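Student: Listed below are the residues making up each chain.
Number of protein chains: 2
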Amino acid sequence: MNYLISYDISKNSLRTRIGNKIIAEGLNRVQYSVYMGVMSEEVKISLLQWLQQEISQKGDPTQDTILILSLTAHQVQNIAVIGKNKYDLDFLSGENNSLYF
Amino acid sequence: MNYLISYDISKNSLRTRIGNKIIAEGLNRVQYSVYMGVMSEEVKISLLQWLQQEISQKGDPTQDTILILSLTAHQVQNIAVIGKNKYDLDFLSGENNSLYF
Chain P
-19 MNYLISYDIS KNSLRTRIGN KIIAEGLNRV QYSVYMGVMS EEVKISLLQW
31 LQQEISQKGD PTQDTILILS LTAHQVQNIA VIGKNKYDLD FLSGENNSLY
81 F
Chain B
-19 MNYLISYDIS KNSLRTRIGN KIIAEGLNRV QYSVYMGVMS EEVKISLLQW
31 LQQEISQKGD PTQDTILILS LTAHQVQNIA VIGKNKYDLD FLSGENNSLY
81 F
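In the order they appear, the protein sequences are chains P and B. Per the numbering used here, the very first residue in the first sequence carries number -19; after that it's consecutive. Per the numbering used here, the very first residue in the second sequence carries number -19; after that it's consecutive.
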């Protein structure tokens, strides 16, 4: 399944730590505070638990938020991009693998 | 249709102007650089044209980006929220209107 994760995290060190973890789980940073990519159900559940723990232990509970949305590959491929188009939407959607098999 | 709009805009004044416009078109600010809400096809097309023009005339074409994703109400209602849960997902999805009619 495709996912979009976005965050508002006030503490710099925690924001960096969480961004690195999201990338380590296979997502791509598409904007300063927005990540997209494909995760298995197992990886998603484990990441959600880790994020929950980090925010509750080290975050600011009065303002920090992380949003996780599930998307279809079709939605990812049909994102409208305004400005610098640095995105390979087929790659982000996980659908371009079919070219190689 | 439900939409998520996120941006990376370097110039403060342009970011504020664009954020205000997105809100004026009926979306809600859910994070620092992320907005969600319901737009008609007509409003969406008009907003995309306006955003395109603003970014090309006043933005930094080497780095500014705006992403617009279409979502289903079901996806909005099922967003996973970590941290401060300040969101009324039924309201954001546009589905709670049925309570009032």
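Any given hint might turn out to be false.
Because identical chains cannot be distinguished in the list, a pair is counted as satisfied if it fits within a single copy or across any two copies.
Straight-line alpha carbon distances no greater than 25 Å define the calculated BS3-like cross-link-like pairs of lysine-lysine that follow [claimed, not checked]:
1. Lys38 with Lys1
2. Lys38 with Lys24
3. Lys24 with Lys64
4. Lys38 with Lys66
5. Lys64 with Lys38
Honestly, the hints are just simulated from the structure, not real lab data. What you are looking at is a predicted structure, and each value in this text was computed from that prediction instead of being measured.
Student: Which numbered hints turn out to be false for this structure?
Tutor: No numbers; nothing is violated.
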